[in-house]
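*Asks:* So the chains spell out like this:
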Amino acid sequence: MSTMTSSRPKLYESQKLAIWYFVVAMFLFGLQLVFGLIAAYQQLNPDFWLEVAPFMTNRTLHVNTLIVWLLVGLVGGVYWFLPQETGREVVGIKAAKIIWWVIVAGVLVLAGIYLFVQYGPGEHSTLWLFMEGREYLEAPRWVDLALVLWVAIFLYNVIATTLASRRITGLLMVLVFDLVALGALYSAGMHYNINVTMDQFLWWWVVHLWVEATWEVLVGVLMAWSLMYLLGTSRKVVETWLFLEVALVFGTGILGLGHHYFWIGTPEYWLGLGGFFSALEPLPLVAMVVHALYDAGSHRLTAVNKPAIFWLIAQAFGNFIGAGVWGFMQTLPQINMYSHGTQLAAAHGHLAFFGAYLSTVLMLAYIVAQNVRETIQIPLDSRWWKWAAGLMIFGIVGITGAFTISGFTQTLIERAEGGSTWAAFIRTYTHPWYASTLGWRYFFGWLMFIGYLVLVYDLWTIGKKATHFVKATAAAAAGGGDD
Amino acid sequence: MIEATARAEMVRTLMALEFAFAMLPGFYGVFYILGQIWHRRWLSLVGVGFGLVQLAVTAIMLRTGYLDAFWSRWIVVVALAYFILPPALWKLAQAIHRANAGEV
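Residue numbers (the numbering used here), protein chains in the order written: chain A, 1 to 483; chain B, 1001 to 1104.
Watch out, some of these pointers could steer you wrong.
[Claimed, not checked] Every beta carbon over 10 Å from chain B, so not counted as near; a handful from chain A, in silico:
1) Val-102
2) Asp-144
3) Leu-149
4) Ala-160
5) Lys-464
[Said to hold, decoys possible] Some chain A residues near chain B, calculated using beta-carbon distances under 10 Å:
6) Ser-6
7) Tyr-261
8) Ile-264
9) Leu-280
10) Leu-283
11) Trp-326
12) Met-329
These are calculated hints, taken from the structure and not from any lab test.
Ideal Cβ placement from N, Cα and C applies to all residues, glycine included.
Turn these sequences into a full structure, and let the hints guide you.
*Replies:* Right, here's the structure in full:
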């Protein structure tokens, strides 16, 4: 396909805000990788920065920055597409801008607290000011409230803009209902309970339902808009697929949550319920693969934006393999009894987040990058995005492989054979299958980080040549006219 | 109480089989759909081959005797669901696109 150019239409204020969302998302992505590298190195050399920022702190920052930058990228995607969908500026854009900068400031303050304060006394003031202390939901209560306020203003933006435009599409309806669930389910994580079973019961609503259900639906909406933009797929088609996928995601995922309830002290029926629905959880993911392949394949993979279409396909495959295969591998109770809480969960988490969400945000970032240049290059392409994608995919596959081997070693030697005794713990952690993987995950982490640097360079430069070319051509033409 | 080595053997076997059980329908779906889109019958047949291997994996899971009656029945139902999924989704995709042909 030959390259064409077109002048960029004027950007909406909402789209200008979305650019900031992606800039901050990419910055936080880099921080996430840095903290991950430090944490990986501390597993090789536990004394490193022990007194400054121990593994616990780096791991918390690695996971929390991941959640924040992915959510920022997904919300940024909605701010990008919303004015195009409704044909008007977003209502309440000033409030959106204010809460955005409040959130950015809050994230920086929180990072400072995690790094320099780290923990406090076992009092309510610690929970409100410094850290909740619960894995993945470490953020103190003031950050929780700020996040809910952020989602509430975002929801207001979407609803008010939809109503003002008098254009209530199926995609917008799904988005509105999903955002209500996004705000409500996050608040479930604020119900601290001294009974650890009850506490964990609601904790999983955030960790499983919030991330694996409401985020998946948000991704579904963004994928639908992206397919319309990248391939020109009809609205009816993407809406029909979206309704089907939402039904499958919620139908299998809500009670699929039960596989997290196997061993936390809940009634025994969760073993049957959780296992039953978990076996069905890959179904919507297979459907998404078919959907993406059908649309992209029927267009012979020709799209207006090559890196974006690559990440769209990567999302379908990565989501299926990371969330579906690596998840189902360990969710039947017969296996999960021995594998839960091992590094198999970390393997599943790394590959699933990469496949389902990182790929989506990078697809959106390339769509935005294409449309912020003065002259839009069609199709958008470069050499560097392929290097970035290759290095990052190679990196994440290596990290996942290393975690899988160490998790398998824990499951077999420490749990199944050793019966979780202290001697079995020592035997596992000194076993070559475990010890050697610590170095591998650090090495592949570096590959991922180099891929990230290439990605940032590519996002910064891709498509700029088209602008330079058009300007040079115009200047040459003007010069010729003078002669 | 199962003896430790036997327990480890059960976990190793079931985990490997579950991995294949979830991965093979993905391969089946990808090859089947690509074969249909690009009109390459052999690709679709390779996909069906993966589906058949998944059914074989299901049979092996049943033969191990590690699953009780409830889980054995459920695994068979899920395996059949995954086996009919790619052709069913292909038909659905065609129907959706045909119904909305020309509408952008």
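*Asks:* Hint by hint, note whether the structure agrees.
*Replies:* For each hint, the structure was consulted:
1. With a least beta-carbon separation of about 40 Å from chain B, A/Val-102 lies farther than 10 Å from that chain, consistent with its non-interface assignment.
2. Every Cβ of chain B is farther than 10 Å from the Cβ of A/Asp-144; the closest lies at roughly 35 Å, confirming the non-interface assignment.
3. At roughly 38 Å from the closest C-beta of chain B, the C-beta of A/Leu-149 stays outside 10 Å, upholding its exclusion from the interface.
4. Non-interface status of A/Ala-160 relative to chain B is upheld: no Cβ of that chain comes within 10 Å, the nearest being about 28 Å off.
5. Residue-level check passed: A/Lys-464 sits 30 Å from the nearest beta carbon of chain B, beyond 10 Å.
6. The interface hint given for A/Ser-6 is broken, as the beta carbon of that residue sits about 18 Å from the closest beta carbon of chain B, more than 10 Å.
7. This hint is violated: A/Tyr-261 has a C-beta 17 Å from the nearest C-beta of chain B, more than the 10 Å allowed.
8. The interface hint given for A/Ile-264 is violated, since its Cβ lies 21 Å from the closest Cβ of chain B, which is over the 10 Å cut-off.
9. Taking 10 Å as the C-beta cut-off, the interface hint given for A/Leu-280 holds, the closest approach to chain B being about 7 Å.
10. Annotation: A/Leu-283 was flagged as interfacial toward chain B, and the flag holds, the nearest CB pair being 7 Å apart, inside 10 Å.
11. With a least beta-carbon distance of about 8 Å to chain B, the hint placing A/Trp-326 at the interface is held under the 10 Å criterion.
12. With a cut of 10 Å, the hint placing A/Met-329 at the interface with chain B holds, because the nearest CB-to-CB distance is about 5 Å.
Of the numbered hints given earlier, the model fails hints 6, 7 and 8; all others are met.
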